[in-house]
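Asks: Sequence:
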Amino acid sequence: LGRNNTTPFSYMPYNDFGAGDIPISTEDYTDLKAKNIGFVHIPFVLGAITMFHSVPGVGNGRENGGLNLSPCVLARIFKRDITVWDHEDILKLNDGLSLPYEDYPITVAHRKLGSSSTSSITAYLHKSCPTEWPVELVGKTIDWPKDTESCEGSGGMTNCIRDVPGTIGYIDAGHGHDEGLIEIELRNIDGTFLSSKEAAAKGGIGAAAGAALPTSADADFGGVNLLNQPGPDTWPIVAVSYIYVRKDLSHMDDPQAQSLLKLFLKTLTEEETITKNCAQFGFEPVPSKVSTMALKGIDMITTDATAAEWIIETDTMKGGGQGDYVISKKRRSYVEYAQSSTTADVATAMKEVSGLQSSRSAQGSTSSKEMGIAFTENDEKLIGAAVAMSAISLVLWFGTATWFVLRTKGIVG
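Quick note on numbering: the working numbering labels position 174 of the sequence shown as 174, and the sequence is numbered without any gaps.
No lab work stands behind these hints: they were computed from the structure. Please note that a few of the clues may not be correct.
Said to hold, decoys possible - Here are the computed lysine-lysine pairs in the BS3-like style, where the Cα-Cα straight-line distance is at most 25 Å: (1) K289 / K202; (2) K202 / K247; (3) K276 / K202; (4) K262 / K289; (5) K33 / K202; (6) K140 / K79; (7) K146 / K79; (8) K35 / K262; (9) K202 / K127; (10) K127 / K140; (11) K262 / K276; (12) K296 / K197; (13) K296 / K247; (14) K92 / K79; (15) K266 / K296; (16) K266 / K276; (17) K266 / K247; (18) K35 / K296; (19) K79 / K112; (20) K33 / K296; (21) K289 / K197; (22) K247 / K276; (23) K247 / K35; (24) K266 / K289; (25) K112 / K92; (26) K262 / K247.
Given the sequences, and given the hints that come with them, work out the whole structure.
Replies: Written out as structure tokens, the structure is:
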């Protein structure tokens, strides 16, 4: 927490770490440093922010006659200086653009609440075309023209673009592509018109992070932005996601939790982790030199001397894979085992109940008459159901009791 906290709780941590795609400001960095509170930025993934549209009949991608826009034309569209798709400045960039009718209207969609995507887009427009997009229009929230559409969240932005033909809006590239939206071709600083998808295929997302980040994880990241970086295939609006974490983890009471956090951070520097789990959302790993910087930053984090070293079992560790402080991809937890065992016990109980019911049917109603009790067919079914439920309840009770005892003794989490 920040400088608005009152002494003696100024900058008291309320959680173990934070995450986001806006770096901690230079002002906060300086204030924290003055109080001898060290922390690091751990960059771990990159993502593109881009514009999508719903102009009928316009192709998706350069090879399909995609819609070209320059930064200044885009700024004028968002400012509502340009309000129709057949404006002469748009037609100059899109020879042969075919529209449903003349003066086809442009609807501008923007995020309703503050968002990092709004911050990135507005900062990009100012950096690329300051004459059309002044600094007063830069931020997570800005005063948009009244005749624009306010959309809540990424899902809301998707609906705004898709539901109203002729709309243009901004969203993270992965989300937009996953929803099947049509992307514009944006001119980068080298003069190339390209989509974020084309840029990603040519390494143009990672290229934006090449020289834009500090060389040390504990440096000031406040001035970092990955906007308008050079390169013929570089995408001009790239965001980097960070983990923010203190160097001193003594505010975490459990030493084992401290070392577990460090293991978690290290997994975020592994390309396999990002490729398998983040690529589906349109993100990609940071370049190798940035990953190396992040690893050095993790090594700056100190833990209690009694903190155990956690490891991940990927290949079978005979005799050790089931040990303490081992996270295994190959083994089940005890809770999973207990659940599967309970399922088997329930199946056995049901089989036994079924056998009892069969035996009862074979005996017929003679025994009940001998006892002076007459059961109807419906009575028989109810008794069978009650016996089955009783058996299941006993098995589940036993499994729950076993789990509770083991949890009390610290054997399971």
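Asks: For every hint, state whether the structure bears it out.
Replies: Now the hints, each set against the structure:
For the hint linking K289 to K202, the alpha-carbon distance of about 18 Å falls within 25 Å, and the restraint holds. At roughly 36 Å between alpha-carbon atoms, K202 and K247 are farther apart than 25 Å, so this suggested pair is violated. Between K276 and K202 the alpha-carbon distance is near 19 Å, which keeps this suggested pair within the 25 Å criterion. Restraint check for K262 and K289: satisfied, since their Cα atoms lie roughly 20 Å apart, inside the 25 Å limit.
Restraint check: the Cα-Cα separation between K33 and K202 comes to about 39 Å, which exceeds 25 Å; the hinted pair is violated. At roughly 16 Å between alpha-carbon atoms, K140 and K79 fall within 25 Å of each other, so this suggested pair holds. Between K146 and K79 the alpha-carbon distance is near 10 Å, which keeps this suggested pair within the 25 Å criterion. A distance of roughly 24 Å separates the Cα atoms of K35 and K262; the hinted pair therefore holds under the 25 Å criterion.
For the proposed pair K202 and K127, the alpha carbon gap of about 24 Å is at most 25 Å, so the pair holds. About 16 Å separates the Cα atoms of K127 and K140, which keeps this hinted pair within 25 Å; it holds. About 20 Å separates the Cα atoms of K262 and K276, which keeps this hinted pair within 25 Å; it holds. Note on K296 and K197: the hinted pairing is violated, with a Cα-Cα distance of about 31 Å set against a maximum of 25 Å.
Only pairs whose Cα atoms come within 25 Å are accepted, and K296 paired with K247 is accepted, the gap being roughly 12 Å. Between K92 and K79 the alpha-carbon distance is near 19 Å, which keeps this suggested pair within the 25 Å criterion. Note on K266 and K296: the hinted pairing holds, with a Cα-Cα distance of about 10 Å set against a maximum of 25 Å. With a CA separation close to 16 Å, the supplied pair K266 and K276 stays within the 25 Å bound.
For the hint linking K266 to K247, the alpha-carbon distance of about 15 Å falls within 25 Å, and the restraint holds. For the hint pairing K35 with K296, the CA-to-CA distance comes to about 23 Å; that is within 25 Å, so the pair holds. Between K79 and K112 the CA atoms are separated by roughly 16 Å; this keeps the pair inside 25 Å, and the hint holds. With a C-alpha separation of about 19 Å, the suggested pairing of K33 with K296 holds against the 25 Å cut-off.
A distance of roughly 23 Å separates the Cα atoms of K289 and K197; the hinted pair therefore holds under the 25 Å criterion. For the suggested pair K247 and K276, the alpha carbons sit about 29 Å apart, so the restraint of at most 25 Å is broken. Taking the CA atoms of K247 and K35, the gap is near 13 Å; set against the 25 Å cutoff, the hint holds. Restraint check: the Cα-Cα separation between K266 and K289 comes to about 15 Å, which is no more than 25 Å; the hinted pair holds.
Restraint check for K112 and K92: not satisfied, since their Cα atoms lie roughly 32 Å apart, outside the 25 Å limit. Restraint check for K262 and K247: satisfied, since their Cα atoms lie roughly 11 Å apart, inside the 25 Å limit.
The structure is inconsistent with the numbered hints 2, 5, 12, 22 and 25, although it conforms to all the rest.
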